[in-house]
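Q: Each chain is listed here by its residues.
Protein chains: 2
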Amino acid sequence: MAGPDGAIDHLIALMAKLPGLGPRSARRAVLHMIRKRALLLIPLADALSEVARTARTCVNCGNVATADLCAICSDDRRQNGTLCVVEEVGDLWAMERAGAFKGRYHVLGGTLSALEDRGPEDLGLSHLAERIVAEQVSEVILALNATVDGQTTAHYIAGLLEDGVTVTSLAQGVPVGGELDYLDDGTISAALKARKSI
Amino acid sequence: MAGPDGAIDHLIALMAKLPGLGPRSARRAVLHMIRKRALLLIPLADALSEVARTARTCVNCGNVATADLCAICSDDRRQNGTLCVVEEVGDLWAMERAGAFKGRYHVLGGTLSALEDRGPEDLGLSHLAERIVAEQVSEVILALNATVDGQTTAHYIAGLLEDGVTVTSLAQGVPVGGELDYLDDGTISAALKARKSI
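Going down the list, the sequences are from chains A and B. First residue of the first sequence: 0, per numbering that gives the first Met the number 0; consecutive thereafter. First residue of the second sequence: 0, per numbering that gives the first Met the number 0; consecutive thereafter.
Worth double-checking, as some hints may not be accurate.
Which copy is meant is left open, so a pair is good if it fits within one copy or across any two.
DMTMM-like cross-link-like pairs, simulated, lysine to aspartate or glutamate; straight-line CA separation at most 20 Å [said to hold, decoys possible]:
#1 Lys195 to Glu178
#2 Lys101 to Asp74
#3 Lys35 to Asp45
#4 Lys35 to Asp90
#5 Lys35 to Asp67
#6 Lys195 to Asp148
#7 Lys101 to Asp90
#8 Lys35 to Glu87
FYI, nobody ran anything at the bench for these hints, they're computed from the structure.
Modelling step: build the complete structure from the supplied sequences, incorporating the hints.
A: Shown next as structure tokens:
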């Protein structure tokens with residue numbers, strides 16, 4: 000035993016399994032929580048129990064949700080007809096933080112990968128095709144990562160879709176606030192090729 | 000809303016208040032937990048609820064505990080007669096990880112500090128004096144931090160104690176595995192002054 004009681008030790012061991020935390024920062028976090036019992040420990044225990052009880056995968060889009068349909072799928076104010084396809088839930092959250100997209104999402108849960116032996120059937124692409132028909136989607140935005148696997152998957156999905164659907168992808172170029180000197184050659188080439196008149 | 004549901008959003012906001020985590024790492028941690036529901040989310044929720052229900056301060060030594068007496072104070076195998084005085088619970092845990100001390104502890108909960116207006120009465124030094132008599136302590140080890148406030152407090156406590164009690168402090172010197180080139184001058188001077196024949 001490393002000093003604290005059994006229950007506290009157990010909590011530290013579990014906290015240390017979270018990404019970004021190790022044994023040392025888990026100990027600091029647990030001590031901090033115990034000191035801030037009313038402000039942090041009790042609310043956090045309640046919030047975790049609530050999420051543990053309710054968290055599931057949205058049956059429609061693959062986002063995490065606290066009901067069968069996630070907050071986005073069940074929101075009537077979102078535009079139908081435009082579907083943004085992302086790899087992971089974290090990517091969906093990143094898109095939402097940007098706040099520039101008002102349509103619906105579809106989370107693949109990964110990419111095609113020869114290395115990891117993931118084929119089209121593992122990504123549930125037939126469910127994506129069903130949604131495109133059922134929700135009368137006219138544009139599919141492939142917001143996949145600019146990695147080899149991400150782009151392979153984007154090309155594969157683009158090839159699957161019917162002619163009536165517009166397929167687009169995110170523009171590549173210089174990040175906002177980015178300095179040319181710190182950018183890789185590929186990004187500079189892509190930004191130059193996609194140059195626009197001002 | 001940043002993408003996730005209300006309950007998940009709330010959990011992320013609370014996690015982001017932990018030391019060592021920010022909004023980005025809190026999101027990553029929560030997504031990771033939701034993915035590892037059975038292995039991590041549910042055990043963590045249970046462990047937090049258990050600690051929230053039971054965590055308190057040991058009435059004898061000031062350690063955190065899940066009962067009125069902490070695991071160390073209620074352990075009969077620990078030696079009586081030697082009392083190690085530390086500033087914070089984290090320091091006690093660090094001593095326990097080293098595993099070199101088999102006696103009892105006393106947690107001050109801070110140091111004397113002119114800047115933060117903490118005097119002797121705020122540290123409960125009378126309770127320390129009572130313990131020394133009641134537990135027939137023959138040696139008090141002042142394991143306070145090697146800071147100005149820590150050393151001021153150590154000198155103050157050493158002055159308070161009766162003549163019958165031996166007062167010691169941790170040795171200062173080169174850390175195990177430490178390289179001289181990376182050590183500060185004060186540590187090298189202290190190590191030289193306290194040099195030993197081999």
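Q: Against each hint, give a clear statement of whether it holds in the structure.
A: Hint by hint, here is what the structure shows:
1. Lys195 to Glu178: For Lys195 and Glu178, the Cα distance is within 20 Å only inside one copy (18 Å; across copies 57 Å).
2. Lys101 to Asp74: within (11 Å within a copy, 61 Å between copies)
3. Lys35 to Asp45: For Lys35 and Asp45, both the intra-copy (14 Å) and inter-copy (18 Å) Cα distances are at most 20 Å.
4. Lys35 to Asp90: For Lys35 and Asp90, only the inter-copy Cα distance (18 Å) is at most 20 Å; the intra-copy one is 32 Å.
5. Lys35 to Asp67: So Lys35 and Asp67 pass the 20 Å test across copies only (19 Å; inside, 34 Å).
6. Lys195 to Asp148: neither (28 Å within a copy, 62 Å between copies)
7. Lys101 to Asp90: The answer is within: 15 Å in one copy meets 20 Å, while 51 Å across copies does not.
8. Lys35 to Glu87: between (34 Å within a copy, 15 Å between copies)
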